[in-house]
Amino acid sequence: DAKTTQPNSMESNEEEPVHLPCNHSTISGTDYIHWYRQLPSQGPEYVIHGLTSNVNNRMASLAIAEDRKSSTLILHRATLRDAAVYYCISRSTLTFGKGTMLLVSP
Amino acid sequence: DAGVIQSPRHEVTEMGQEVTLRCKPISGHNSLFWYRQTMMRGLELLIYFNNNVPIDDSGMPEDRFSAKMPNASFSTLKIQPSEPRDSAVYFCASSLGFGVTSNQPQHFGDGTRLSIL
Chain A
1 DAKTTQPNSM ESNEEEPVHL PCNHSTISGT DYIHWYRQLP SQGPEYVIHG LTSNVNNRMA
61 SLAIAEDRKS STLILHRATL RDAAVYYCIS RSTLTFGKGT MLLVSP
Chain B
1 DAGVIQSPRH EVTEMGQEVT LRCKPISGHN SLFWYRQTMM RGLELLIYFN NNVPIDDSGM
61 PEDRFSAKMP NASFSTLKIQ PSEPRDSAVY FCASSLGFGV TSNQPQHFGD GTRLSIL
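Line by line, the protein sequences are chains A and B. The opening position of the first sequence corresponds to residue 1 in the numbering used here, with each subsequent residue numbered one higher. The opening position of the second sequence corresponds to residue 1 in the numbering used here, with each subsequent residue numbered one higher.
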């Protein structure tokens, strides 16, 4: 099974960039990496996904290591509304775990 | 567009009672997932369906839990009899496609907060 490992929590200041890491050293070559976030009292929300190349969308950027053993979710300018739990998962296993709680200070 | 719709939003019931949670996936999505979230264990996958057929129910905690998907627009998760340790937030999600090579994201409902007294 492709297991992902994330830090329990991270802190950032508003309007600063945030880099959220994820290790997935056992992921298969055809398995997509997905990121979700969960705001308080809401269901998880899709953020971004990728396979090998770096990806950008309106919410974030995803940088995937060349060996695919790790990836980084990048929030270019954190806002207070970005405070949430962020999950990195392999699409095939759907194992969310406990994610990284991002705290954003004004 | 309507997202994934779950009902009820909150359920409080006494131990031993039957509980039925309901989910309407996004129209056109062919995969449906049930999750449970607790502080201790985080977000756990219970069961998922593809084209209304259960594919993997290995996450279902025990025989007291059952799930059905009678058609493409409706699914239920039933607990009978319920116990206090079943208290959690239950989420339903749907997506297009399925499988290791699928790149389709899941869309989650707002969840049902279940409390068993």
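Each hint should be verified, as a subset may be incorrect.
[What the hints assert, rightly or not] Derived DSSO-like pairs (lysine-lysine); straight-line CA-CA distance at most 30 Å:
no., chain 1, residue 1, chain 2, residue 2
1, A, K3, A, K69
2, B, K68, A, K3
3, B, K68, A, K98
The hints are simulated quantities; they were obtained by calculation from the structure and are not laboratory data.
Q. Taking 30 Å as the top limit, are the C-alpha atoms of B:K68 and A:K98 close enough?
A. holds (27 Å)
(Q) Against the 30 Å threshold, does the CA-CA distance of B:K68 and A:K3 hold or violate the hint? (A) This hinted pair holds, its Cα atoms lying about 28 Å apart.
Q.
Check the hint pairing A:K3 with A:K69 against an upper bound of 30 Å on the C-alpha distance.
A. holds (11 Å)
In this structure, every one of the numbered hints holds.
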